[in-house]
Amino acid sequence: MSQRTIAVVGAVAVAALVLTSCSGGGGTASGNNQLDVDLSNLATTTEPGTAPIDEVTWNLPYEPLSIDPMLSFNYAENTVDANLCDSLLRLNPDLTTGPGLAESVDMPDDTTVVYSIRNDVSFWDGTPLTAADVVYSLARQSGEHNGDSYFGEYLTSVESVEQTGEHEVTVHLSEPDALFNQAMATAAGAIVSQAFAESAGPAFGTPQGGLMCTGPFSLESWSAGKSIVLAKNPNYWDESLIPKAEKLSFTFIADETTAVNALRAGDVDGQYFYLPPTGLNQLQGDSGATTTFGKSFVYFTLAGANQEGPFANPTIRQALLLAIDRQAIADVVFQGAAAPAPTLAGPDFWGDQAAIYEPAFAEFDVASDPEEAKRLIEGLPEAGETITIAVQGSSAVHEQTANLIQAAGESIGLKIETKVIPVEQYGNMYYDPAAREGIDAFFTTWYGNVTDPLDVYAVFTTDGASNFGNYTGVNDAVAEARATLDDEARAQLTVDIQQQVTEELPWLPLTYMPPILVQSDRISGATASIAYLYYPWAATIGGVE
Amino acid sequence: MSIATFILRRLGSLLLVLLVTSFLVFGLMYLAPGSPLLFVLGPRGGTPEQVAQVTAQYHLDDPFFVRYFAWLADVFRGDLGDSIVYRQSVTDLLGSRISTTVALISLAMIIIVVIGVSLGLIASLRGGWIDQVITTLSTLGLATPTFVIGVALISLFSVGLGWFPTNGSGSGGFDTIVHLTLPAIALAVASSAYLSRITRASILEENGREHVQTAVARGLRPRIVVARHVLRNALIPITTVIGLTVATLIAGAVVIESVFAVDGLGSLLVRAILQRDFALVQAVILVLVVAFVVINAIVDFLYTIIDPRIQLGSKQ
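Sequence order for the protein chains is U and E. Residues in the first sequence are numbered consecutively from 1, following my numbering. Residues in the second sequence are numbered consecutively from 546, following my numbering.
Hints were generated in silico from the structure; no laboratory data involved. There's no promise every hint is true.
What the hints assert, rightly or not - In silico SDA-like pairs for lysine to any residue, Cα to Cα no more than 25 angstroms straight-line:
#1 LYS419/U - MET574/E
#2 LYS374/U - SER394/U
#3 LYS247/U - GLN758/E
#4 LYS247/U - ASP720/E
#5 LYS232/U - SER716/E
#6 LYS415/U - GLY543/U
#7 LYS247/U - ASN235/U
#8 LYS374/U - GLY336/U
#9 LYS419/U - LEU576/E
#10 LYS419/U - PRO381/U
#11 LYS419/U - GLY718/E
#12 LYS247/U - PHE719/E
#13 LYS247/U - GLY718/E
#14 LYS232/U - GLY98/U
#15 LYS247/U - GLY717/E
#16 LYS247/U - VAL723/E
#17 LYS232/U - GLY543/U
#18 LYS419/U - TYR575/E
#19 LYS244/U - GLY542/U
#20 LYS247/U - THR721/E
Said to hold, decoys possible - Label-pair restraints from in silico Cβ distances:
#21 PRO234/U - PHE846/E: 57 to 67 angstroms
#22 GLN602/E - SER221/U: 23 to 33 angstroms
#23 THR600/E - GLN327/U: 37 to 47 angstroms
#24 PHE621/E - PRO52/U: 52 to 62 angstroms
#25 GLN602/E - GLU480/U: 38 to 48 angstroms
#26 LEU682/E - ILE242/U: 54 to 64 angstroms
Just so it is clear, the structure is predicted and the values come from calculations on it, not from any experiment. By construction, the Cβ of each residue, glycine as well, lies at the ideal position given by its N, Cα and C atoms.
Using the sequences and the accompanying hints, generate a full structural model.
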């Protein structure tokens, strides 16, 4: 069972296509384009807007393919869905989890989860939310339908879902699963109207089929290629999140320069960027907009892609990482809008178990040590072989990072070649083993979904769908941790997993990336943290007086 | 040749061109790497079962000819097929975008004809330093890439002065004209420059002709000489260039629609190609080919009006 997280890269072909490389590359990019980011003090929210406002225009980096929450596993899709569909639980801006459509969760035993559903909730069309809708929404993603959902891997242990009371739904699991309940705060736990979804059929979630949920905004229209318009839901059950904006309109400007200009000109009120766009420092300097960097589950990594070849040897990977200057990658490639990553899971995943994770995390650093790296690989037969890294064509971030890594490898005697893969093929790396042939490693911008480092390491299970190099070192430990429901005990187990993964490095941790929220001075209040993917981030947006 | 025969002939060659183009486009899309699976299943693909299911649903594993002829048969029944990626009918997707692109190109054409012809006229008739200035400007216009002009226009008129919106196609009517003004100007610059060159050259050439000299010698007023003798003959090359320009505008729109995030056929085509959305790519290209052929026919027809000596459909 591996976690299904998103790689920005291959995903967003159009958006990425316009990430045309614009910097000098090869580490020669100057550091004077640095953004003003305080990475030690990332935001979770922004000052709520006070005034009611007629319309907020928000840009998405590309047009969603579907807004069916089950198929919403990506940036633009979730940015929209988070305002439309409530989940059973709610991921709050500070990355804690609280009640959502379920006002309480009860676990009579380790494999039974009982959700008490609120009785004061209606769908946008006025029909009341029933336990049957909840059963339907979970059942359409589990059992024989597990493969239909992009979130399926969080629901693999679901054995059955049944209504056990007028407002009560019970989930039976085949084995204890700590990630299942936590994932109910993501779109995996989003509840849709059974009647509506069944009558819409396969068109559900498309411009024709529409959507029916309970969120603070309702779907007013989606004209393909042009815009998605949401309208305020004045009857929203959570009175603290009744929107201040009457309308929320999404545009789909893929071209970065155009998007930045639209923000500067005030044609667009805001956008979340997942990679620092060129011209962001210009935007930051502008008085017309505010840039906020948020707490994050996103990390940039070089993922091992093959069970054979030089990169399959952990010592080679250790040596290469030791040779890489991660601080330089963060400063130069990401213009300072990223932090060097000592481990894959960063501090924002820790939640209330920081006391356990922090000392374990502090044992790793990001300092490079080429001498030690050289010593490590001395006499290794694999050291003479060529390592091939796949780079996504037309991505400046990929190309520049690859150049830095190539130079680092060369300095300790490792030969590294890059293979440029066109953006429209890059996504094949994630699901087609044939595409990974001849590739030792590739870059990915990965994100976790729940506040638990186990979510990050759960990728590394034997034959897991996203375990590209099929690293098997922590398979049993991950299974054990996932079945451990006690948070503290699970954290202890996860620390051990993290230790082993960080030593054996199936994926090389490179940087942590905060979401970049830009809001025009006309508005304020959007959620700043990565919770915007699942929390109704636009409900608190209001006008600035 | 009568108008009916002319139209029939043109229709016949149009069908032939469409058939050949569709075959080429289908073949090239088939050979190009990448698969629509990525976009259907989301960035992380999906389980092997999902991949197999979608592959079967869209016949992605069928041999080339089976797929091509199935598509062709559907088109003859009037069904352009469904977009794999957008999960909706291609006809629906094309509908609103065609009008956006037509509006954009018409606006650009108006600018090109008005600016191009008048600059060419002024340059050739006035001469001197005005001619110099116009020639220099047109060189500049021809040499600057369309997207650079687009970005510059946005910086100056949208971000700087705030006169025009930075993106989008507006909500219809006057709003659309406001939204499409900058993209149309960006699109029109190079062609206006070219048209002014052609106008200038053909007017100078006609000016030197014997019948013009005769007319001048007979003491006709200059305005009448220009209108009756110079312009009329110069119109043939000018019309040809205008016709060809429409074709280049269609290509230019692909770029400019991306820069201004206008939801026209161009941006749709780019995305469809990237996403390997076969049916959509085919449909957009067929629309463009039809537009191209129809415009050529109109230009041919105009020749006979401008100069009745030219026969409809003549090869000269």
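The hints, checked one at a time:
Pair hint LYS419/U plus MET574/E holds up; C-alpha atoms about 23 angstroms apart against a cutoff of 25 angstroms. Under the criterion of a C-alpha separation no larger than 25 angstroms, the hint pairing LYS374/U with SER394/U is inconsistent with the structure, at around 32 angstroms. Proposed proximity of LYS247/U and GLN758/E is contradicted: the alpha carbons are some 69 angstroms apart, above 25 angstroms. Among the hinted pairs, LYS247/U with ASP720/E is consistent with the structure: their alpha-carbon atoms are about 20 angstroms apart, no more than 25 angstroms.
Restraint check for LYS232/U and SER716/E: the C-alpha separation of about 21 angstroms stays at or below 25 angstroms, so the hint holds. A hinted pair counts as satisfied when its Cα atoms are at most 25 angstroms apart, and LYS415/U with GLY543/U does not qualify at roughly 55 angstroms. For a cut-off of 25 angstroms, the pair hint linking LYS247/U to ASN235/U stands: about 15 angstroms separates their Cα positions. For the hint linking LYS374/U to GLY336/U, the alpha-carbon distance of about 29 angstroms lies beyond 25 angstroms, and the restraint is violated.
Distance check on the hinted pair: LYS419/U and LEU576/E sit about 21 angstroms apart at the alpha-carbon level, within 25 angstroms; holds. With a C-alpha separation of about 23 angstroms, the suggested pair LYS419/U and PRO381/U falls inside the 25 angstroms cut-off, and the hint holds. The suggested pairing of LYS419/U with GLY718/E is violated, with an alpha-carbon distance near 49 angstroms, which exceeds 25 angstroms. Proposed proximity of LYS247/U and PHE719/E is supported: the alpha carbons are some 23 angstroms apart, at most 25 angstroms.
A threshold of 25 angstroms between alpha carbons decides the hint, and for LYS247/U with GLY718/E the separation of about 22 angstroms falls inside it, so the pair holds. Note on LYS232/U and GLY98/U: the hinted pairing holds, with a Cα-Cα distance of about 23 angstroms set against a maximum of 25 angstroms. Simply put, LYS247/U and GLY717/E have alpha-carbon atoms about 20 angstroms apart, close enough for the 25 angstroms limit, and the pair holds. A distance of roughly 23 angstroms separates the Cα atoms of LYS247/U and VAL723/E; the hinted pair therefore holds under the 25 angstroms criterion.
In summary, the hint linking LYS232/U to GLY543/U is supported, as the alpha carbons are separated by about 15 angstroms, within the 25 angstroms threshold. Taken as a hint, the LYS419/U and TYR575/E pair is honoured in the structure, with Cα atoms around 23 angstroms apart against an allowance of 25 angstroms. For the hint pairing LYS244/U with GLY542/U, the CA-to-CA distance comes to about 5 angstroms; that is within 25 angstroms, so the pair holds. For the proposed pair LYS247/U and THR721/E, the alpha carbon gap of about 21 angstroms is at most 25 angstroms, so the pair holds.
The beta-carbon spacing between PRO234/U and PHE846/E, approximately 59 angstroms, falls within the hinted interval of 57 to 67 angstroms. Separated by about 28 angstroms at the C-beta atoms, GLN602/E and SER221/U satisfy the suggested range of 23 to 33 angstroms. Separation of THR600/E from GLN327/U is about 45 angstroms and conforms to the stated range, judged on CB atoms against 37 to 47 angstroms. For PHE621/E and PRO52/U, the hinted distance range of 52 to 62 angstroms is satisfied, since their beta carbons lie about 55 angstroms from each other.
Checked against the hint of 38 to 48 angstroms, the C-beta distance between GLN602/E and GLU480/U comes to roughly 39 angstroms, which is consistent with it. For LEU682/E paired with ILE242/U, a C-beta distance near 57 angstroms keeps the hint of 54 to 64 angstroms intact.
Of the numbered hints listed earlier, those contradicted by the structure are 2, 3, 6, 8 and 11.
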